Amino acid sequence: MFDQYLSRRYQKFGRPDPSAYLIKDKTAIAGIGATEFSKNSGRSELQMACEAIIDAVEDAGLKMEQIDGLVKFAMDYTDEMHLVSALGIKDLAFFAECGWGGGACCSTISHAAAAVATGMAKYVVCYRAMNERSGRRYGRVPGVETVMAAPNDHYGYIMPYGLAVPPSWVALFGTRYMHDYNVTAEQLGWVSVVLREHACMNPEAMFYGVPATLEDYMASKMIVEPLRLYDCCVDSDGACAIIVTTTERAKDLKQTPAVIMGAVQGIAEQGEMMTSLYRPKISLLPEVWYAGQELWRVSGVTPKDVDVAQFYDAFSPLIPMQMEEYGFVEEGEGALFCEGGERIRIGGELPCNTSGGHLSEAYIHGMNLINEAVRQVRGTSTGQVDDVEISLVTGGLGVPTSAILLRR
Amino acid sequence: MEYVKGVPLLRPYIDYDNQEFWLAHREEKLVFQKCTYCGKIIHRPKPMCPACLSTDMEWIESTGLGTIYSWTTFVYDRAAYPGIRVPYIVVLVEMSEGVRLVSNIEDVTSEEMYIGMPVEVFFDKVSDDLTLPKFRKRKVKK
Ligand SMILES: [Zn+2]
Chain L
1 MFDQYLSRRY QKFGRPDPSA YLIKDKTAIA GIGATEFSKN SGRSELQMAC
51 EAIIDAVEDA GLKMEQIDGL VKFAMDYTDE MHLVSALGIK DLAFFAECGW
101 GGGACCSTIS HAAAAVATGM AKYVVCYRAM NERSGRRYGR VPGVETVMAA
151 PNDHYGYIMP YGLAVPPSWV ALFGTRYMHD YNVTAEQLGW VSVVLREHAC
201 MNPEAMFYGV PATLEDYMAS KMIVEPLRLY DCCVDSDGAC AIIVTTTERA
251 KDLKQTPAVI MGAVQGIAEQ GEMMTSLYRP KISLLPEVWY AGQELWRVSG
301 VTPKDVDVAQ FYDAFSPLIP MQMEEYGFVE EGEGALFCEG GERIRIGGEL
351 PCNTSGGHLS EAYIHGMNLI NEAVRQVRGT STGQVDDVEI SLVTGGLGVP
401 TSAILLRR
Chain W
1 MEYVKGVPLL RPYIDYDNQE FWLAHREEKL VFQKCTYCGK IIHRPKPMCP
51 ACLSTDMEWI ESTGLGTIYS WTTFVYDRAA YPGIRVPYIV VLVEMSEGVR
101 LVSNIEDVTS EEMYIGMPVE VFFDKVSDDL TLPKFRKRKV KK
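Same order as they appear, the protein sequences are chains L and W.
According to the numbering used here, the first sequence is numbered sequentially starting from 1.
According to the numbering used here, the second sequence is numbered sequentially starting from 1.
Please keep in mind that the hints were generated in silico from the structure rather than gathered at the bench.
Computed from a predicted model, the values in this text were never measured in an experiment.
Even glycine gets a Cβ: it sits at the ideal position worked out from N, Cα and C.
A few of these clues could be false.
DSS-like cross-link-like pairs, simulated, lysine-lysine; straight-line CA separation at most 30 angstroms [claimed, not checked]:
| id | chain 1 | residue 1 | chain 2 | residue 2 |
| --- | --- | --- | --- | --- |
| 1 | W | K134 | L | K281 |
| 2 | W | K46 | W | K142 |
| 3 | W | K46 | W | K29 |
| 4 | W | K5 | L | K221 |
| 5 | W | K137 | L | K221 |
| 6 | W | K142 | L | K281 |
| 7 | W | K29 | L | K281 |
| 8 | W | K5 | W | K142 |
| 9 | W | K46 | W | K141 |
| 10 | L | K281 | W | K141 |
| 11 | W | K46 | W | K34 |
| 12 | W | K134 | L | K221 |
| 13 | W | K5 | W | K141 |
Simulated restraints, written as ranges between beta carbons of each label pair [unchecked claim]:
| id | chain 1 | residue 1 | chain 2 | residue 2 | range |
| --- | --- | --- | --- | --- | --- |
| 14 | L | P303 | W | C52 | 35 to 43 angstroms |
| 15 | W | R78 | L | E186 | 34 to 42 angstroms |
| 16 | W | L65 | L | N182 | 38 to 46 angstroms |
| 17 | L | P303 | W | K137 | 37 to 45 angstroms |
| 18 | W | E120 | L | G209 | 28 to 36 angstroms |
| 19 | L | E389 | W | Y37 | 50 to 58 angstroms |
| 20 | W | G6 | L | G209 | 40 to 48 angstroms |
| 21 | L | R408 | W | Q19 | 28 to 36 angstroms |
I would like the entire structure built from these sequences, with the hints used as guidance.
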């Protein structure tokens, strides 16, 4: 009945030739910065944004006056105007903002890379600052006026029924995913447990020193069936900043450049913001699949070349779902791949979310995942994987998405 | 479902493209958009048919019959809508017309829920200005 909507046909022949892709190998991440991650930062998002940017500028070995570009999240309450003013930046040649919640994280890198590759700017900062724990928590219901003032109507079809928070939106996908592929709670539990192990190696993680077992996972409170507390990311206060420049310039700076092989975005047919419920099969994620096809096309590598992955993990089922859509495993085999935890641990076939991810390090809308992917390329992660050549980060999903591939 | 007095339900966002869908509920009708050119039935409402780009659309009344495609049960009050007492169930229903919609199911417990459960629509006038289509389990003749 939906057949004409189901377009798993990647329109390869309509896409530009990879040789036209100016970002690959010519752009790089030269600096990363962050604040501490906490339940209550005790200061403004603007201050945290500034701190993270200063940290990234120092990490790169740059001076603030060299920054000439800035990319923000559309959802961020701070903006380039206030940042220029607070940081004493004199000229800003390039600024942009990226939409769709955590789907924006790798989008910021693609915007910045495009700007430096085309000569619009030299050193572009991408950042995210959020008091998402002590301020407005996404896990709690927004006010009536938020929905009444929505710029489009899609939330209007779910909110009157009480389907009002992100875990419940993902729960509808989760129920069907588990049904379609016989996924068990224990299999999802392994995702949560392994990420906690990784967080326990990372002193910056919110769950550092708080180990959890599969039994703890199974005993954790049910939030919205089938999601338990340990399936949900940790609401956090914090900020991250990342500096993108050309690979040529990055080589003269302080750090080993994390060279960008691909930075892509994706929206697919009938894709919505967390409510893509009207598609032929909701246990598939067409925009993720599409972003993956684009990523492999522009970079010329394949999933088997990837040494370490930071998958956007607002909720644990999203990791196996993405493994399938990025082509690491066959459709329906993601959860099986995670079972027992061996394959996704540091030292496993595909080490995932090696700083603890959103589930256990902090939830900074994907930007802390990018920082970790850069550390893996530099060889400086607390959960370092041996001999990393290629490092993947994926953006928020169930929303218009994005992804980047980095190399040494 | 039990509503909490004094906490209004969040309202749909009604615009040119979807007003027929929402206003039909007041007459206890569930309607979907149908492309008069290619015959495609569509939900959520759109300004044009995504299959053929025709803007020639009509509204058809649904049979009200469907099956459960997915669901979730709210069990933790702090992650639920404060105007509704937990537990409550949100369903994604696949209608006999081939489209899906989000709603609530009543008179069924979480333990009784399963994918494929036959359901039928009923209308709940939750307040003077809001009538919502909701679902009940449907008996199927053997
Ligand atoms: Zn049509």
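Each hint, compared with the structure:
1. K134(W) to K281(L): Roughly 23 angstroms between the alpha carbons, so the hint for K134(W) and K281(L) holds.
2. K46(W) to K142(W): violated (38 angstroms)
3. K46(W) to K29(W): holds (19 angstroms)
4. K5(W) to K221(L): Given pair K5(W), K221(L) holds - Cα atoms ~27 angstroms apart, limit 30 angstroms.
5. K137(W) to K221(L): holds (28 angstroms)
6. K142(W) to K281(L): Answer holds: K142(W) to K281(L) is near 29 angstroms, not above 30 angstroms.
7. K29(W) to K281(L): holds (27 angstroms)
8. K5(W) to K142(W): Measuring from Cα to Cα gives roughly 42 angstroms; hence the hint is violated.
9. K46(W) to K141(W): violated (36 angstroms)
10. K281(L) to K141(W): Holds, at about 28 angstroms.
11. K46(W) to K34(W): holds (10 angstroms)
12. K134(W) to K221(L): holds (28 angstroms)
13. K5(W) to K141(W): Violated, at about 39 angstroms.
14. P303(L) to C52(W): 35 to 43 angstroms: With a Cβ separation near 36 angstroms, P303(L) and C52(W) satisfy 35 to 43 angstroms, so the hint holds.
15. R78(W) to E186(L): 34 to 42 angstroms: Violated, since R78(W) and E186(L) (Cβ atoms, about 26 angstroms apart) do not stay within the stated range.
16. L65(W) to N182(L): 38 to 46 angstroms: Distance hint for L65(W), N182(L) is violated at roughly 28 angstroms.
17. P303(L) to K137(W): 37 to 45 angstroms: holds (43 angstroms)
18. E120(W) to G209(L): 28 to 36 angstroms: violated (53 angstroms)
19. E389(L) to Y37(W): 50 to 58 angstroms: Given about 53 angstroms between the Cβ atoms, the range holds.
20. G6(W) to G209(L): 40 to 48 angstroms: Holds: the Cβ-Cβ distance is about 43 angstroms, inside 40 to 48 angstroms.
21. R408(L) to Q19(W): 28 to 36 angstroms: Hint violated: Cβ distance 56 angstroms, outside 28 to 36 angstroms.
Consistency with the previously given hints fails for numbers 2, 8, 9, 13, 15, 16, 18, 21, ordered from lowest to highest.
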